[in-house]
Every structure is written in C-alpha cells, then in structure tokens.
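Given chain F, work out where chain H should sit, using these hints.
Heads up: the protein sequence lines correspond to chains F and H, in order. Reading the first sequence from the start, the letters are residues 3 to 307 in our numbering. Reading the second sequence from the start, the letters are residues 6 to 354 in our numbering.
Among the hints, erroneous ones may be present.
[Unchecked claim] Chain F stretches covered by chain H per the calculated footprint, using a threshold of three residues with CB under 8 Å from any CB of chain H:
no., stretch
1, 117-131
2, 243-250
[Stated by the list, open to error] Across the chosen pairs, the derived CB separations fall in these ranges:
no., chain 1, residue 1, chain 2, residue 2, range
3, F, 162, H, 118, 40 to 46 Å
4, F, 162, H, 99, 43 to 49 Å
5, F, 136, H, 45, 26 to 32 Å
Treat the hints as calculated values from the structure; they're not laboratory data. Everything numeric in this text was worked out from a predicted model, so none of it was measured. Glycine is no exception: its CB is placed at the ideal position from the N, C-alpha and C atoms.
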Amino acid sequence: MTTAPTPDAAPPPDAAPGTPATSADGEPPALEVTGLSRRFGGLFALRDVTLSVPAGARFGIIGPNGAGKTTLFNVLSGELRPTSGTIAMNGRNITRLSPPRRAALGLGRTFQITRLFTDLTVRENLTLAIGGLSRSKLQMLRPWRSYRSQQRRAGELAASFGLGDRLDLRPAELSHGELRELEVLLALAADPAVLLLDEPAAGLSPAERVDIQELITRLPASLTVVVIEHDMNVLREVVDELAVLHLGELVTQGATEQVQRDPAVREIYLGSGDAGSGGGAGGGSAGSSGAGAKRDADAEGAGEQ
Amino acid sequence: MMPGSDARRKILATTDKTAGPLAGLAALVVIAIFLLSGTYLSTVFEDVLIYAIAAMGLDFLGGYGGLVSLGQAGFLGLGAYGVAIAEVHGFGPWAAVGIAFGVVLGAAAVTGFVAVRVSGITYVITTLAIGQIMWGLSYQWTSMTGGDNGIPVTTMPSIGSFTLSNQQDVEVTTLVVFLVVLVLLMLMVRSPFGLSLQGMKSNERRLRALGYQTAVQRYLGCVVATTLAGLAGILYVFANFLISPSALEFSQDGFLVLMVILGGMGSIWGPVLGSVVIVLFQQEVSIYVSRWQTLMGAVFIAAVVYTPGGIAGLLRAAHRVLHRVTLGRLGDAARQEPAVSPASGGDVL
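The following block holds chain F by itself, in its conformation from the complex (with noise of 0.2 Å):
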C-alpha cells in the first residue's frame, strides 16, 4: 500500500534548509522512496517499498524482528545498494550516490549499534563529526585545536546533550546512555537537513529512554527526523506519521493515532501475544521490550556485514 503524506503533516514553510536550488514544484519531499527492493540472494529484505517522508516530519518507521527496517537505512544512506527502486532527497535523485556525497547533500544517521570512534575522546569525536562538510578537512598542517569556531560548536554541542564535562574523556569512560546520546550528536554536528535515526533507544534502561525521547523532542523544528523502532512505546509520543514494516514490506503509511488503529497492524504486532506494544495498554513490558530490542541489534548487526 502507498500513501501520499498526510494533509496534517505538511512542512512548514521554512523546512528543508539547503534544498537544491533546482527543486521545481513548490516542496519536494525530504524523502521520496520508490520501489525500493533490496534482495540478499533469494530472500528480499526489502521488497517495493515506496513511501514519502514531508520536509520537516517527525516520521516513524516500526516493524518486528527482520522487518528489514535496518536494511531500509543502509539502502538511505548508501551503504546498500538497492537491488532496484530509486530514492529522491529533496527532489533529486541520490540512488547511486556514495554515503560521503549524500551526507554532504544533508543526510545524516546514526546506527543502531553504537559506531563511535573509540580510540579518541569525545571532543575529537565531535571534532571529526563537525569537520566532515568543512573545507579544512583535508588541511594537514594546522592543529585542529586551532578551529576557533569548530571547536567552539563542539562545546556547545556537548553542554547541550549534558556532555559538557565529558569533552576529554573516551568513549570506554561514558554511561551507556551518555554513548547513545554521542552518537545522536554526531549525527546533529554536521548539520544535517534530513537525520535517520537507526533505534536510538536500543539497550537503554526506561529512564534513558525517556531522555532520547526529549531529544529527539527538542531536535529544531526544521529537521526532517526518521526514526525506526521496534517498540512502539518509544515513538507514539514523538512522531506524527509512522510507516509499519512486515517481512521487508510496506504494511501502511499515515499519521501515527490512525496507524495505530489499523487492524493489519495490530494483527502484526498482537499476533504473537505480546500484551504490551499494541494500540491502548501501553505499559509493562519495557524492561523486556528493552532485552528484545537487544536481541535485535545484534541479529540485525550480524546481518549488516
């Protein structure tokens, strides 16, 4: 099923920053997905896939295990080739491009399995995160210390996450919760127009999940935001347009209260008996959601390579 975005959802006026100067008709979608399938021999993980995600939506994709919603971010950002479909980021076409071209276009993610790099501290993190859109990056002389206003951003980056007194310490030295927000901001430090979020809440305990939802909460409002999740509870309160994922297809697109309603969705994911995920009771099970959500990460880690 294909749908058209959502009247309600519609883009602000200011959204989409650095949109191509060549967009034709009014506002192009932040994302426009057509087709899309990705095969891994004779299994599709994803299989025609075509959704539309407005400039400025705060969009959800949810699904179960193996519901290709990790192959679906791979193939956004280019990691993944897609084995046939074609994928427009504000009306042009970025399909065959590589994953350093379409973060300069203004795409950026993060991943599900936090990908830090775990040899430097936090300030250099965010250094290399900054520096990655920036001229200087292949300057091989001057001290990247001497980047007055790039180091700067990385203060203010850190303090605005609560990292600001953790800027010299590595990532072996953080919380689990404090990594899951660096690799959020790392994501944020280039600046990105649309930023896919890859489980941001994977492995944290239901406090820490309550801070990656004010983060995303407080992302600014310009921002087109994909989130994929496993466990609805994280997303109903902070998208406004979801689109559910069954065995690499696309089961239904729209606002978030109605999705939640649709019964093939509920089929989906009350079929197995799992009281806690569906449309009404809500409660309970994120302590064991959280260890399902774990499970996840690591099957779908192996499968990535």
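Structure of chain H alone, referenced to chain F:
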C-alpha cells in the same frame, strides 16, 4: 585542602605540557651527540635516523590510519637505486637526487591506489607482494642494478665546501632531514587530516557517513608513507656509499614494522625509539651475541605482551604514575581532578 595547592597544581599542569617536548629535546640532544661524535657510533646513529624516517612514515599510515605496509623497505630501495642508477647513467649527483625523488613520488602516486582499494590483512599482503617484486627486480635485473653486488655510489652532492663525501656533513644532513620530517609529521597528526586518519582506523564506516570520502585519506596517507620511505632510501645511499638487494629483503620490511610496534604505534616518537633499539640490536648487540635475533625476538614478544603501546606507551604510563604520585601529595581534593584521565595523559608525549 592545603593552602597553596592551587599554585602547585598550576605548576603540575605546566610540567604536564612541557614534559613531552622536554623529554623529546633531551632525546634529540643525546642522539645528536652520538651522531656527531665522530666515532663508530656516528654511523650507527646515522642508520637510526634513516630507518626512523621510513618507520615514522610506516606509522603515519599504519599506526594512525590502520593500513600497515610490509613493503616499506622496497620503496626505501627504490629511492636508493634511483640515485645510484641515475649516477651510473651519467647524471650529476643533484640530478640523481631529483630523479630518485621524482621516481619515488611517481611510485607513491601509483601505490596510493592500492591503499584506496584494499584494507586490513589484504593491504599487508599486497604491499608485501609489491616490496618483494622490487626486491626481485633489484636482485635479478643485473644489467640495471648490478644484481647481488649492488651499485656503489661514488659521486656525492655538494654545495660549496659542504659535501656529502664528508662523513660529518652526511650526519648533519641526515639530522636536518630527520628533524624536518619529524616536525612535519607532528603537525600532520595534529591536523584535521591527521584526526580523520585516526577516525578511519577507529571506524571507517562512521567516518564515511559523516561525509568523508575516505579514499582521499587512504590515498594521501599512502603517498606520505611511501615518499618518506623513498626519502630515507636517498639518504641511505649517501650514508652507505652502496645500495644492494639486501636493503630490500623481506627481513628489512619486518624490521621496520618491528620498530613501529616496539616503539609504539600511533605515536610519532615511538618509531624513533623503536629504531634506536632495533638498530642497536643489529649493529651492537650482534657483536656480542651471535644469536641476537633470538634475543630480539624475545624482547619483542615481551614488549607486545607487557606494553601493547610499545616504548612510547611505557613512557606515557610512567608519566601518568609520576603525575598521580605528585598529585597525591596535594591531598584528596586534588586527586579527584579529571586531568588524571588517560586522555589528557596521552597527549603529553
């Protein structure tokens, strides 16, 4: 908190910042004294500095960027043979140096593409193959290289009365080139490019997602490493008056990697210290112990097991312990200072 501890902590912070450079300066003075002493040790330290240049290049790409080459000695040989062969064909010494450097740059520009394409163990093996091809050429292309006998180099470059046929002038030249390379590399590893090299070693996939075309990092890193090997080769031929296939043998590639690992990967000083140890083993310990290679192997294993950071790591650890002991005297409040973290300690050397 005791009175005056703030002032003392300030002194401590200042010592932290100056300890590395001071230790480096002291080491340099010691090396310079040996080098210019005019004794047998002068030639030993000439070799120390020449191999240190090649080892620092190896470490720049391997220790920082994560691409370890086992063909570095081949490019050292290329620089040396470049000079020797050009002189045999009637070029003057300066022209020969220019030609050799040009050949080295060309080879570096081509091998850069290898670094772009392959990673990890594949890179190790590919560079090993390239190094062995160069060794094979030096050994068997007798019409060009003189085969097993090598090529003696008799005409040395000179400016006025400063001539490389004078032992002391070779030493001064080697020291100056070494210092220039050292300073350049120290600047490079602190630059945005150097940081991105470290990021590449740490997590290349993430680096690409942040907008870095890591092919550029790989290519430039490889060009720097290869060029330094060739530069060391050009110095080598003037220090030894001879280049023969033994300088390109696989064991030489191995020794260069040993220098980097023993001295400390990912530190510019490490390979220099590693070069001191290995060259002393080759040229001094070997006089007294006929099975010096066995002894060196034992030292190497001990180093890998007990100090994964090599000699440089050992010195950093010692510095941290000293720091903590001094800090301990300042009382409990001071001990909690975050400055004791490995991160800030690591920057010192």
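Here is how each hint holds up against the structure:
Counting residues of the stretch 117-131 of chain F whose CB lies closer than 8 Å to any CB of chain H gives 11, which reaches the minimum of 3, so the coverage claim holds. Check on the stretch 243-250 of chain F: 0 of its residues sit with their Cβ under 8 Å from a Cβ of chain H, so the three-residue criterion for coverage is violated. A C-beta distance of roughly 42 Å is found between residue 162 of chain F and residue 118 of chain H, which places it inside the suggested range of 40 to 46 Å. For residue 162 of chain F and residue 99 of chain H, the Cβ-Cβ distance of about 58 Å falls outside the hinted range of 43 to 49 Å, so the restraint is violated.
Between residue 136 of chain F and residue 45 of chain H the CB atoms are about 52 Å apart, so this pair departs from the stated range of 26 to 32 Å.
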